[in-house]
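Sequence lines, in order, name chains A and B.
Our numbering applies: residue 170 is where the first sequence begins, and numbers increase by one.
Our numbering applies: residue 170 is where the second sequence begins, and numbers increase by one.
Keep in mind the hints are simulated off the structure, nothing from the lab.
Given the structure is predicted, the values throughout are model-derived calculations rather than measurements.
All C-beta atoms in this analysis are idealised placements derived from N, C-alpha and C, irrespective of residue type, glycine included.
Treat the hints with care, since some could be wrong.
[Claimed, not checked] Covered stretches of chain B, as calculated for chain A (at least 3 residues, CB under 8 Å):
| hint | segment |
| --- | --- |
| 1 | 603-613 |
| 2 | 617-625 |
| 3 | 702-708 |
| 4 | 737-745 |
[To be verified] Mimicking DSS-like on lysine-lysine, the simulated pairs with C-alpha atoms at most 27 Å apart in a straight line are:
| hint | chain 1 | residue 1 | chain 2 | residue 2 |
| --- | --- | --- | --- | --- |
| 5 | B | Lys-680 | A | Lys-699 |
| 6 | A | Lys-609 | B | Lys-595 |
| 7 | A | Lys-595 | B | Lys-699 |
| 8 | B | Lys-403 | B | Lys-375 |
| 9 | A | Lys-333 | A | Lys-300 |
Protein chains: 2
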Amino acid sequence: MTQRIEQKLQAIRRHMQDANLDAFIVPRADEYLGEYVPKHNQRLLWCSDFTGSAGTVIILKDRAAIFTDGRYTIQVKQQVNAECFEFYHLVDTPHMAWLSEQLAAGENVGFDAKVHNLNWYKNSVKTLSEKQINLVAVEQNPIDLSWTDRPLPTQEMGLLLDQKYTGLSSFDKRQKIGADIAEQGADAAVISALDSIAWLLNIRGKDIHCFCVILGSAVLMKDGSMTFFTDPAKIPTGFDAHVGEGVTLAAESEAAAAYQSLGEQGLKILADAETSNAFCQLSAQAAGATLIPGTDPAAVPKACKNSTELAGMQQAHIRDGASEVRFLAWLENQVAQGNLHDEAFLSDKLTSFRAGNEHYVELSFDTISAAGSNAAMCHYNHMNGTPAQLPMDSIYLVDSGAQYLDGTTDITRTVAIGTASDEHRKMFTLVLKGHIALAKMKFPAGTNGGQLDSLARQFLWQQGYDYDHGTGHGVGCFLNVHEGPQRIAKNSVGVALKPGMVVSNEPGYYKQDDYGIRCENLIYVVDKEKGQDGKIFYQFETLTLVPFDLRLIEPALLSKDEVNWINDYHAEVMEKISPLLSGADLTWLEQATQKI
Amino acid sequence: MTQRIEQKLQAIRRHMQDANLDAFIVPRADEYLGEYVPKHNQRLLWCSDFTGSAGTVIILKDRAAIFTDGRYTIQVKQQVNAECFEFYHLVDTPHMAWLSEQLAAGENVGFDAKVHNLNWYKNSVKTLSEKQINLVAVEQNPIDLSWTDRPLPTQEMGLLLDQKYTGLSSFDKRQKIGADIAEQGADAAVISALDSIAWLLNIRGKDIHCFCVILGSAVLMKDGSMTFFTDPAKIPTGFDAHVGEGVTLAAESEAAAAYQSLGEQGLKILADAETSNAFCQLSAQAAGATLIPGTDPAAVPKACKNSTELAGMQQAHIRDGASEVRFLAWLENQVAQGNLHDEAFLSDKLTSFRAGNEHYVELSFDTISAAGSNAAMCHYNHMNGTPAQLPMDSIYLVDSGAQYLDGTTDITRTVAIGTASDEHRKMFTLVLKGHIALAKMKFPAGTNGGQLDSLARQFLWQQGYDYDHGTGHGVGCFLNVHEGPQRIAKNSVGVALKPGMVVSNEPGYYKQDDYGIRCENLIYVVDKEKGQDGKIFYQFETLTLVPFDLRLIEPALLSKDEVNWINDYHAEVMEKISPLLSGADLTWLEQATQKI
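Just chain A, with the same shape it has in the complex (with noise of 0.2 Å):
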């Protein structure tokens, strides 16, 4: 029998009164501390019905309180009950300066220290020890306790990868990062990112939807040997000889007494205050560990792909273009006999062209395919309602890419539906002179995403034109869609790009409630040719390749620069793509590459 949140709630009290608790702290995060969150681990959600991808719960002895931002102010009334819960705004009102307000001196506040990070802790301890009040972490936590029908993690088998597709073996990586480690004046670190896991051990898994990873978390020592904390039914066998000498497989359980252990032994351990969970880090130093604040030591050489990698996502790019431009081929057909399809079953045909694909393993993210005025809205999903029809004379912008052995893709396309407006060609054309700058753009070494971030919004801000998310986010290999640490982005400082760093090139323009246009390529830096005065510069190369719609591009608009750009860029994609194709699809991708 489903549990009603009333009931849930009671249940937890109940919990929470045992452990003489007088408010409990629920976030959405879990243990791992992902952007997405299994099934098994959406406690968030299930004490509040609350399925928005941000927000906190509170809950005391009588009351509870729901803090959300302003993307979900209305979501969030529709979705949970209002008996049960007030509802706050997470800017205006902190949770946690809201708590110390609700409690008097010497009650106790409870939070699971596994599902928040170190600094989170360390701001709510000063908060609520301003008013004395106690922050507690509990030994059990009292969703777990109260969550009869919870599912299970999933119980996939993980795969371990070639190195024909990593290029450099598990026991190399762990010798490099370990030294990095050492260098940093650390004894371990504490190894959280579940893609950051994977990457060190050449392994991939099942375990996120779309994400290829393996739950559970990592130390790893500065002399390269590591312990992996999961589940060991779900490691193929095989693995000791794949990872080579130094790695140890132990069940998550055993994550405590581990870090009780290194902090025994009085290890110097570098953690992220941010991305790493408190547990591990409190644990450790209580134990008398002394904690080195840093970032992940795994980031930057995961994000820094080297030629195998690269050559890899160059060969996925060459698939899924061939796939993509099927699907645009096949769409612009379907439109041309009157066949205007729903966002839901364009969605599904544009991923059976991808899942026949060498190597293809799953979607890299649920696919956005938006019809008309559904565009606007940058993250919509025709999962959450009706699946709208293309409207004719319309754009139809369609954001996807797949996980392939050898790479990750994630490309968006806005085509025209017909006859395409005059403003639809003027905002597509502003839209790709942004995407041309970038891809096209050389910067000096030591150049960060948040400086080159204008260069793409350039055209459309004289025009008093812009879009309210990043240019561009990085992409694993095989591995997750959105991987830090660099970024393209307003304000996005410190993480210098690098050569073999992967990027997604996605300026956009959504006008309310009207229409959606982003030119989505993936690039990657390289150090190709020096600058003038001996300087070091990077440039990018472009790993997409599916022509822009030509019927949306304003030539007028275009400088002779950016026209040879797209005539270059249209010329590789059809030397590229061509042998994949032929008869009508190979037709449509002549048409569709021609010059301009």
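Assemble the complex: chain A is given as a structure, and chain B must be docked to it using the hints.
Same frame as chain A, but now just chain B:
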């Protein structure tokens, strides 16, 4: 009799011994922590002979060391006696880390809390306390006690700046900023920046060369009342009526007691840990005050010029532009006659054109007059050696500006001497394209200068060139020519550009040992027209009114929009400057602003 360095160090060490100090730290900064240090406070120079603009001396009982950065590696060895000092690079060998290695637990390091900021103090305490070394604030600076022929501070009278120039009374400014202080939860704010004090009180002075400020410090209360610790002898009659109610003048020596008293009242004091000296904050805190870390509350209001100030800046730029035009006309005529003057003569000549202008006060910085290859050094100063003569068929760079009662100017023009080469023309045009891209950009509210920087570099970057300085700095109104908090530079984040902010727009290119190019105008932010989707967009208006050298422009490298921008700008220069000119100067301007 001039003391020799050994004698000076001996004297300092005697005072160190009296105070039981094992080391004493001498930074370049003085108690005002500003960019320029007046002669009577150049303690680092006095004890080391080092004239550079950044460095620290540490004096131990029997050794001394000087720490400088990469710019000064050669200079420091030329100027500083190696028998008295060891030399260190301050990045490779941070001075406090070095010091903690030299001393034993229990030893005492002296410092003058007035000449360090609070962040330096906190970091240094941390570094030294790890080795149980004590950081001791001296009551009297051993240098001041040893400096027998110390110059007196200037005794020039300040001036009361009329509201027809400031646009807002001191009373109104203090009321507004006082309310801002209250809004930040503070009772008072430490105002350390000399230009903030000058702005708040609508006074100016001549205590620092080119800076129109009066030395001192101030406390602004949340009710708008203010105490200015200064030499009251410099304050002109009529000050009380000029500033309105609530301003107290006090000697600088009374500041300590005042901070003590603020502390005893248990007040909350807003202070910038980076720009306010440690002394005032530690004194207040020790007496019971709570420090609220923040930024100078006058900084942003001062940066956003009001309409009176902007009108004054425009008028100042018309007069200043006419002077620069007269100089450029004269220069071209001299070169045509074969008179290739030297840099000093040119600089003096330019100053003479400016000095006759209405409202002229002084230069806003020492003119950079750089012939031929000297211009390859961004901050060349012809006074540091023999001024060079203009080479024929070269380019000449002149960066100059003035302080007027109604505004401050800062302009760089690069001009052909004889026939410029194709390379000169190409590089000048690439620099100018960047200047134009920034000058005509629109951008959404919230954008900061770090986001705009690459727009000015993109044409150079595209061909593998760059310049090693920021693209723009803030500029005061009859105040500092380098004014925060906004700037346009790589990795500069934080402060958004707001209407009324004045910044320089000065991309450049420097080829070592060959030539230097810089195109600098002052521009300011205006909120002129809305963006397209109801969003607030800003743009720039140009203040500086002097033609760019048409002989250095390569039209083939310009877009139609860029050609239009140049023609429109030159038409505006002609329209606004020609009424001030006649004869040969007017003829020259007509030629120099003809359409391309």
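Cross-check of the supplied hints:
no.: 1; hint: 603-613; verdict: holds (count 6)
no.: 2; hint: 617-625; verdict: holds (count 7)
no.: 3; hint: 702-708; verdict: holds (count 3)
no.: 4; hint: 737-745; verdict: violated (count 0)
no.: 5; hint: B/Lys-680 x A/Lys-699; verdict: holds, 16 Å
no.: 6; hint: A/Lys-609 x B/Lys-595; verdict: holds, 20 Å
no.: 7; hint: A/Lys-595 x B/Lys-699; verdict: holds, 19 Å
no.: 8; hint: B/Lys-403 x B/Lys-375; verdict: holds, 10 Å
no.: 9; hint: A/Lys-333 x A/Lys-300; verdict: violated, 58 Å
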